[in-house]
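**Q** If you read the protein sequences in the order shown, they are chains A and B. Take 1 as the starting number for the first sequence in the working numbering and just add one per residue. Take 1 as the starting number for the second sequence in the working numbering and just add one per residue.
No lab work stands behind these hints, which were simulated from the structure alone. Being a predicted model, the structure only gives us computed values, none of them experimental. All C-beta atoms in this analysis are idealised placements derived from N, C-alpha and C, irrespective of residue type, glycine included. Possibly wrong hints are sitting among the right ones.
[What the hints assert, rightly or not] Label pairs and their in silico Cβ distance ranges:
#	chain 1	residue 1	chain 2	residue 2	range
1	B	Trp291	A	Phe390	45 to 55 angstroms
2	A	Pro389	B	Ala477	34 to 44 angstroms
3	B	Asn212	A	Ser82	20 to 30 angstroms
4	B	Ala207	A	Asp71	37 to 47 angstroms
Here are the chains, one letter per residue:
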Amino acid sequence: MPIEAVKLAAEANQWGAILPELILVCIALLLLVLEIVLPKKQHAMIPSVAGLGFAGVLIALHFNFTATYLDQDTFNGLLHHSSSGQLMRIFFVLAGLLVCILGQVSLAKQAMPKVEFYHIVLVVTASMMLLAQSNHFVLFFVALETLTIGLYILVSYFRGNALTLEAGLKYLVSGALSSSLLLFGIVLLYGVAGNPALPSHSANAMHFGELAAFLRANPHNFLASVGIVLVLSGVAFKIGAFPFQIWIPDVYQGAPTPVTAFLAVASKGAGFAVLLILANTVFVSYGWLVTPVLSAMAAATILFGNIAALTQHNVKRLIGLSGVSHAGFLLLGVVAAPLSPMATGAVYFYLFSYLIASFAVFGVMAHVAGANDADQELDHYAGLARERPFLATVLAVGLGSLAGIPPLAGFMGKFFIFIAAFKAGLYGLLAVAIVGVVISIYYYFGWIRAAFFETVVLPPDGETPPAPAHRPIGLVAGLALGTLALGTIVLGFYQGPLGQWLTLR
Amino acid sequence: MSTLSFHPLLLSIAAPLAIALAIALGLPKRWSVKLAYIGFAIPAIVAVVAWWDFAGASKESGYAYLVHYSTGLDGIGIGLKLGLNGVSLPLFVLAGLVGLAAGLYALQSEAERLKIYLMLLLIMQGGLMGIFASIDVFFLYFFHELALIPTFIMIGVWGSRGRSENSYAAMKVTIYLTLGAMLSLIGLIALYSKSGANSFDLIALRAHLAANPIAETLQHNYAALLVVGLGILVSLWPLHTWAPLGYGAAPTSAAMLHAGVLKKFGLYTLVQVALPLLPAGLAHWSHPLAWFAVVGNILIVGLITIAQRDLKQMIGYSSVMHMGYAFLGIATASVIGLGGVVLLMVAHGLSVALLFLLATSIFHRTHTFTMEDMGGLAQKAPVLAAFFVAATLASIGLPGFANFWGELTIFVALWKFSPLITALAVAGVVISAVYGLRSAARIFFGAPTEAFAKVAASHPPTDLRWSEKVPALILLATLLFVGFWPKSLSTSIDAALTPPTPQVAAK
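With the rest of the complex left out, here is chain B:
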């Protein structure tokens, strides 16, 4: 245990929140912007340092950098316990990096009421770091909600659609996600109450439940609560309809953070909490879950994605579709499959954030999200085109990008689970190639459409500016880095997921 009174993990959570509070209390704008840079940089720095340092750090039951703070609820086993294990580290890094990119992008954007916008993003950032650094299941949930609330407000106020449409989207997202969060909360409370450990501490819960597992039928019920509740949060078909609508309306940085990082909370909780604590429960539901994921998320939503005309809506649907692969990996419940899920979460988080960022950049140049009215943008903005094509290829799962490893390992694990589902899931890759490549072709290549020619005449489009390039580069470079050197993450993921055998324990 660390004896530091102000631990780096706590710093990564508290710094953005403290700066947000300072802005809320009326810091002048100049200072707010300067401090916001620091607020986004600190978590990213902590995350990268943790990534670098993790392999060599001393660990206790798989967790490094453990620290515990009391909030007065020790009586019912709640305390702010922070630490990272092999599964949370990749997502912690993801949160730090996507947060930095989204923050930098927001700082350079000309959003109205920038101060409040930054404040909400910083709250979100603090919550995101908290989700993946928490070992206490209560705080896991708590930080998720903390990060979720700003999304609702940002969609409503800074949304990219009309006022009433934003308002409708905000309302729909709020109600869906609250329902999902409530169901999962009850699932977690059930887990806590029936475990008999009188603790929300994941380490204690694991140790206790390994010795006295919950009765099988109860496990089925609790797993159902968690799968449905968290499924809503991760946009499991047919409860996904909030996602495209919400992402279509959300302002760029909020969409980047939500689709890229926050949405992973549901998958992360399934991998980190539900699977180890309720193995029989999830095994019971694995086949229905896999079928919903493959038929609903991958095939049906995939076909819907092809039919989209609106660029942002399309990216929203494609992110729903990719969640299907993650659910498939969870359904296999094998070390390889889960490792694939964690890798895919990171890869998808980076690539979808990049796509949302670029979509807005495209909008600034074409003044529309309708893909049919674009065309030929590559001539005016070659760098933007290169970035977009790279991001699309990543999201399809081309080798060289991190997504490839995630999907590949999931397919490998899935073959053992059910060859039929594997075949259907692989067909989904073709679907994503169709819409991905078609959108790139429509936007960037071919002759400029009339509508675009008109816009281009009045506002000659420039190529990607540095303020857009830097955040995009952060995301793309990480995607490539993990793509070419997946071992940088997979070693620790593997160590965390492999059940402790004597040899591993001795190491």
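With the rest of the complex left out, here is chain A:
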């Protein structure tokens, strides 16, 4: 390669643009170093280094929201920085921080190596942040694989538990399948867009902009449409949309609770960030194909998630399947996005409200769970309100928000999505969504009922079961849970600058 080209390429490598990701990865490495350097006694402080790192990056991102690189391409078009990308960065860092806090709670109950957990969470978070800003299929795939491989490890982290191992294997197999679908789709798109016989073909067809230009020029190419459907299916695996939701219940049940939260929130968020970019910009000229595919997916996802969740007794499976239905509501927003300008903002708002509420619920789950992390039944929540009122309150707020009950943030999320969908004229999907909301009330309410209205039922032989020793709620975890619950309420009443930013886009 001539030296000039290298120089030119190097000039586009604005390392400053990915400083947050770099910092996170450096902290990840630092954790490993600390484990070697520090004496055993002080290993307990290593997780707080990870947490502080996340918190620092979060604060820095908040204050540098309108960074100098906004609306620019860097790294020769591998990355595109936008304000929604900044928002998703905050989203992932927040999720990573909360996973670290939950990790403290859950890992304390297990005899497992601890430091690697935080290391992987940091790396995965960084790759999600890159994924949400990717502008090129190569980086897109690399970031996606980094995060998926990290999650393979995390899912089977409690390796002593058979269910966890099963979950890990299932996630590995289905993840590999989805990656290959995605890759095949990318290859098809790349191949057809590089065909010199077609108008606006490109040598750099992995680049989103070039690909979009090609698709605009060839709006009914068969190979391209196959590629698009395959790419969408690959992403649908990540967000757990029907018919690619099949791995969710088992994996969610087997994975450690913090990882379940990570999968449910951050991984889903990453999928939607990508889907918004793809559906809104790259594939926008194939709306005739993308809209019906995603619409059918959204309707089936909402119905399947809610109906399947109805009969669950294991709360991790329940929250997993309810998460499927949330993916359906979000898909509704994605379908509306090319047709109605406020839909994109609505999806982001929904994601944030989902993040806050989900982590509140997962936080409670992590506290209530016993030594066997996969065994968390609805019955275990009986009498929670009487014994641990704080946890019960947080649970009620979180579940209420997930159910979309005003005045909680989840309601506003659904409300925005509904308005956007109505403006986009998606009446049929809206009807499905209403049915979904009403069904969902039943199982969310069942959970709240277990926590509030029921008392512990003694076994018939009259023996009192040994009262499980409640681990006291740690200061950080308690503060985090309280903040999440309060945030859910406040965001429901007052959207403030966030609402302004989202609705005025």
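Start from chain A and add chain B according to the hints.
**A** Just chain B now, kept in the frame of chain A:
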């Protein structure tokens, strides 16, 4: 526009909510109870002062005390806009007074976990004041839901039936009401999106839609969504089954607030939002609505009410029945009929709250809700008997009580709409007289039954205590006040409902 940064209307909403939050954050019980008195008193005081002051207050497009706060959603036309017009004022007063009565009753009751109970009631109270003070349709809905959620929890935890029955009732009420709320939400979103006003502000919507009305077929569809959705919330037959069950199980104060005030949200939204914005749509459905109301709510449910043995269940059914009259008034869509609906909402709210309160007082003395096991209570508790008979007469619609004016004006308007329906509706009055008087006779007069004699021997019943009398008096006095001087409300209702003609505008 007011320049006050903390407006009285906002105070009436925020004070109960703030106190509820303080209790949630762990205020000690002694302070919680004291603050709760303030939390229930402030809305009532604001409401009564507004009632007193309303006629002379300066108004802008019919609304007095306008104030606007931004919540960050101005981009899609949502803002917390508060104010009262002639239709919302009576209901605002109703919410304040019934809230005070229910609050006082709850404060004196010996409910388990009183702190949380009070907290939920205060949230409900804040929501109720918000419903009727909001001009923004989004917040109208929002406050309704805010007030609705505590009901579900209160039925489940503090219900007056067995544990599993409470739980079932709570679940059923939740699912029915969520469905109703969702349908009406979609109706409101449809209205918002298709109006083109890009605003949820009722004043802006009215002005915009008066100039460019929505196409007729769309109006039909949206009106159908709203009528069915809100109909579920107001227990329109045959979607009413949640109501008797829920009220039967709900704790007293929750039943008072829900049946008395919160349920009026659906009717209020129909009168205040749907009718002015979708006139052709509602006109299209007025006949089916009227037939459902008269045959279903009034006649069928009326007959079911007669067959009830359980006192609370009976009051629940009777409240479903009276909603039929309100629907009839809405179906007429005339100024007289709607004025009657507003008056009836106030009157019914006061009388049904009073009945629920007294039913619990009766329960404390007879230890049963089954009317056959009562009897002869009047000898032991004459004041209670007097109150109950008065409340029953009010609910039947005897002149002298506010209910009379509501029903009378509705019948007058209904005659023009359809004489046949009027005849059927009037027959309903006889039905309500039958069950009302029969229940009073069974509970209070005649010889004591064996079951009651046994209870009375072990727990000699006392007459109404002051802690029960004060809330009951608040409600009864207001009923009589409006009954003898309906003009205190009807003038402003009339002014708000009459379409603005040049003469009125000049005034």
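**Q** Starting from the hint 45 to 55 angstroms, judge whether the C-beta atoms of Trp291(B) and Phe390(A) obey it.
**A** Between Trp291(B) and Phe390(A), where Cβ atoms are some 52 angstroms apart, the hint holds.
**Q** Confirm or reject the claim that Pro389(A) and Ala477(B) have a C-beta distance inside 34 to 44 angstroms.
**A** holds (39 angstroms)
**Q** State, for the Cβ atoms of Ala207(B) and Asp71(A), whether the hinted interval 37 to 47 angstroms holds or is violated.
**A** Cβ of Ala207(B) to Cβ of Asp71(A): about 39 angstroms, so the range 37 to 47 angstroms holds.
**Q** Please test the hint of 20 to 30 angstroms on the beta carbon pair from Asn212(B) and Ser82(A).
**A** For Ser82(A) against Asn212(B), whose Cβ atoms are near 37 angstroms apart, the range 20 to 30 angstroms is violated.
This entry does not satisfy hint 3, going by the numbered hints stated previously; all others are met.
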